[in-house]
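Number of protein chains: 2
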Amino acid sequence: MSDKQTGEDKALPSKEEFSDWYNEVIDRAELSDKRYQIKGMNVWRPYGWAIMRSIDEHIREEMEATDHDEVCFPLLIPETAFQKEAQHIKGFSDEVYWVRHAGANELDVPMLLRPTSETAMYPMFALWIRAHTDLPLKTFQLVNTFRYETKQTRAFIRVREIHFFESHTCHADFEDAERQIREDVEICRRFMRKLCLPYVLCKRPDWDKFAGAHYTVGIDAIMPSGRTLQLGSIHQYKTNFSKPYEVIYEDEDGEHKHVHQTTYGMSERLLGAVIAAHGDDKGMILPPSIAPKQVVMVPIIFKDSAEDVMAEIHAIKKELKDAGITATIDNRDMRPGAKYYHWELRGVPLRLELGARDMKKGVVTLARRDNGEKTEVPRQDIAKSVKDMLASIDEGIYERAQELLHSSIKEVEDTRDAGPGLNRMAWCGEESCGHQIEDDTEMAVLGTPWEPYEKDGNCIVCGKPTRTWIYVAKTY
Amino acid sequence: MSDKQTGEDKALPSKEEFSDWYNEVIDRAELSDKRYQIKGMNVWRPYGWAIMRSIDEHIREEMEATDHDEVCFPLLIPETAFQKEAQHIKGFSDEVYWVRHAGANELDVPMLLRPTSETAMYPMFALWIRAHTDLPLKTFQLVNTFRYETKQTRAFIRVREIHFFESHTCHADFEDAERQIREDVEICRRFMRKLCLPYVLCKRPDWDKFAGAHYTVGIDAIMPSGRTLQLGSIHQYKTNFSKPYEVIYEDEDGEHKHVHQTTYGMSERLLGAVIAAHGDDKGMILPPSIAPKQVVMVPIIFKDSAEDVMAEIHAIKKELKDAGITATIDNRDMRPGAKYYHWELRGVPLRLELGARDMKKGVVTLARRDNGEKTEVPRQDIAKSVKDMLASIDEGIYERAQELLHSSIKEVEDTRDAGPGLNRMAWCGEESCGHQIEDDTEMAVLGTPWEPYEKDGNCIVCGKPTRTWIYVAKTY
Chain A
4 MSDKQTGEDK ALPSKEEFSD WYNEVIDRAE LSDKRYQIKG MNVWRPYGWA
54 IMRSIDEHIR EEMEATDHDE VCFPLLIPET AFQKEAQHIK GFSDEVYWVR
104 HAGANELDVP MLLRPTSETA MYPMFALWIR AHTDLPLKTF QLVNTFRYET
154 KQTRAFIRVR EIHFFESHTC HADFEDAERQ IREDVEICRR FMRKLCLPYV
204 LCKRPDWDKF AGAHYTVGID AIMPSGRTLQ LGSIHQYKTN FSKPYEVIYE
254 DEDGEHKHVH QTTYGMSERL LGAVIAAHGD DKGMILPPSI APKQVVMVPI
304 IFKDSAEDVM AEIHAIKKEL KDAGITATID NRDMRPGAKY YHWELRGVPL
354 RLELGARDMK KGVVTLARRD NGEKTEVPRQ DIAKSVKDML ASIDEGIYER
404 AQELLHSSIK EVEDTRDAGP GLNRMAWCGE ESCGHQIEDD TEMAVLGTPW
454 EPYEKDGNCI VCGKPTRTWI YVAKTY
Chain B
4 MSDKQTGEDK ALPSKEEFSD WYNEVIDRAE LSDKRYQIKG MNVWRPYGWA
54 IMRSIDEHIR EEMEATDHDE VCFPLLIPET AFQKEAQHIK GFSDEVYWVR
104 HAGANELDVP MLLRPTSETA MYPMFALWIR AHTDLPLKTF QLVNTFRYET
154 KQTRAFIRVR EIHFFESHTC HADFEDAERQ IREDVEICRR FMRKLCLPYV
204 LCKRPDWDKF AGAHYTVGID AIMPSGRTLQ LGSIHQYKTN FSKPYEVIYE
254 DEDGEHKHVH QTTYGMSERL LGAVIAAHGD DKGMILPPSI APKQVVMVPI
304 IFKDSAEDVM AEIHAIKKEL KDAGITATID NRDMRPGAKY YHWELRGVPL
354 RLELGARDMK KGVVTLARRD NGEKTEVPRQ DIAKSVKDML ASIDEGIYER
404 AQELLHSSIK EVEDTRDAGP GLNRMAWCGE ESCGHQIEDD TEMAVLGTPW
454 EPYEKDGNCI VCGKPTRTWI YVAKTY
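If you're matching them up, the sequences are chains A and B in order.
Sequential numbering from 4 applies to the first sequence in my numbering.
Sequential numbering from 4 applies to the second sequence in my numbering.
If you are wondering where the hints come from, they were derived from the structure by calculation, not from laboratory data.
There may be inaccurate statements among the hints.
If chains are identical, the list can't say which one is meant, so a pair holds when it fits in one copy or spans any two.
[Unchecked claim] List time: in silico DSS-like cross-link candidates among lysine-lysine, alpha-carbon distance up to 25 Å: (1) K477 to K364; (2) K246 to K37; (3) K321 to K363; (4) K364 to K197; (5) K387 to K320; (6) K37 to K141; (7) K37 to K87; (8) K141 to K390.
Just chain A, with the same shape it has in the complex (with noise of 0.2 Å):
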């Protein structure tokens, strides 16, 4: 697709404007299009979805070691199956789509287009669930979900269409809910170190858990706004869902009891933080774990040696898949210069380049998109020089992040203290001081980190003697 469109001529914008520079990235690096008919709703173009595709494939690769299978129900939930568990509709009815027509006729029943999968899969659970030998049963699915939003929409962060990661898991008893959802932590732990992401993880204040929920653990990053971005979250339904929708089963006396439920769900915000967190004013810097590919060969050509260059490229280029590495090669006819800032902009986390004169020295120089530092190393051992340097830059993309996570955090004991990042405050647990807090600030109580915080305090509105601390912060 022609360069014009995109726009490659004018300057990026400073990501210190984020919002501008975040819009402009996703288009130039043509990830997304939302210039589709209806707002809300974008086309995944091929390097958004190819990355997004990487993305899943982390997710599934976490859900086959943990025992999970992979499931895909439809997306059509009947009215009648939505509506049997209170909270949960009333969570949603603002925000769903409905579908009460077929060609020319009226529906009996209406359906409407899953806002999340709780009430088309418990149904078919109460059918799958006979007796304890059948627990715990772990299932998952990447769909595509619908939530009718009223508020201003952005690419991958608040969309109305959602690429969805969601899990839910049936046990025996409590007990074996809560193990599933410190699996859940420790699942959470190892991915987002994939994509080099730090988050903090918080038990929601029981005002914002999920609908329907017993409590709920919210995944949370920091954008370079200082705002937080909600990526995920674990939910403990204990029988809230089971007793409403019947899922049963016997026990080894042959008693019959409700099963314990979990949910651990994420969406395609985890590409939009990935943009965000790791990127520059140059465009993306990807987590070579996504990267579509991870290093691109740009040829240093002029005439009499395009020939030798080229074969050399290719040798190249195959030892590196050899190794596990994936790599493209930019021959396209164009100046060098273009090409780098091509690929710079969409993240490709390291640049290869090869000449004659390079050949004739034995070397060939690797360019960081991380850092921007360009070494040369020697031709042989390349696929080996490439590997350690990916390691190396995941290392910093991971460092990097940490340090704006960290640096966000900062304990404020006025509530008039309270800036972008994560604010920690100490609170006396009362629901009233919490919306106290919500209302001064103008940001959202995140909840009680799930790793134990504690420490004296006062809580922050009545002053009341503490050892719970939230985080509060403005969020998308």
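Based on these hints, arrange chain B on the given structure of chain A.
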């Protein structure tokens, strides 16, 4: 999940009772659950979804090898965009699901669930394509599509939410679009071979082409019932869509022209055909290329040998894995016969048995699913033996399916002789005679074979001399 539910205690109906057999196999092998509360929208269970995902991966491989880019378009299409191509909307208006409400609001522009994505994609193609250098544009997606079926539904064969592959391409001229059709025919040939599925390619008669197409090529497989099943289709659109959607490019001389378009679609019917074509009275038989597990390993254990046998089983599993073969160990506490039954039903191509006696002899027993043959092979080089046997199973399955197809083709000179299978008839080319054939036989004209088939004959209806022959069959 408990065996009670899958009814493994009752015998499977004979494959002679094809319709019952098909439904029972899908139920018992836990491929799909049709007890979901909306008829024709079924739940993909883990095993069925794993097979479908293997099939999808083969499609992706073919698309990547032919430079198609994977995209993902929104599910919802505004009515205004849908209505632009008159034939297309006429073809689909009776079977689309409408979204006219969200939350408590009525939407300004009604939207529909994609039955296929022309009308979602082409307004975007008009934005993406500027100049001849943007052509050809070759894209594809794997998505869920929706058709409000009023006929009786059947798992994988006739459903209302369809797992769908669709590729869409744009070209500078008719000849380049024709080249794409020939490439699609080659992709189809390679891909269907991986599924061990023989098929016939027919250019559909004009009255049965896709809504909006210039011409349509159908991909039909023969089912054991003697009916054909359309597994996919390839369409030449010419400029039928690019005109209403204004998909225009500037050629080398600065002239503005409409692109020529093609599409290629296939669906979850592929899985239905795999089950139907290859299975037998014991259940499914999966081609090794799409079996989620190619080998099931059954340890034959007596108390004193358990540890040794299990250690050896794990060693063999590792050797197989290193050779790129997927295997699963069934060490459930049940008699081997019940295990054999379980995995035969699920179509695992090869069973490997190992007991203490085999170990002493230095052998392993392999049992082929396709023909039931049991062979002792040396423990040494086990990965090579398994690999060779899987290749032989693949050949065996394909040959058997080919025989079924070839034996189902017969030439008839009187419409009263038309029977189950593919009936080859001479046809003058007049639409009225074509309709007469359909009325007389209560079958469908599949069209003229894509591979030229010409010889002298007389139209089966009017007797006029002709060199055109068509296939006529009962279809699903």
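Verification of the supplied hints:
no. : hint         : result
1   : K477 to K364 : neither (54 Å within a copy, 71 Å between copies)
2   : K246 to K37  : between (42 Å within a copy, 23 Å between copies)
3   : K321 to K363 : within (20 Å within a copy, 44 Å between copies)
4   : K364 to K197 : neither (36 Å within a copy, 47 Å between copies)
5   : K387 to K320 : within (13 Å within a copy, 30 Å between copies)
6   : K37 to K141  : between (36 Å within a copy, 20 Å between copies)
7   : K37 to K87   : between (36 Å within a copy, 21 Å between copies)
8   : K141 to K390 : neither (35 Å within a copy, 33 Å between copies)
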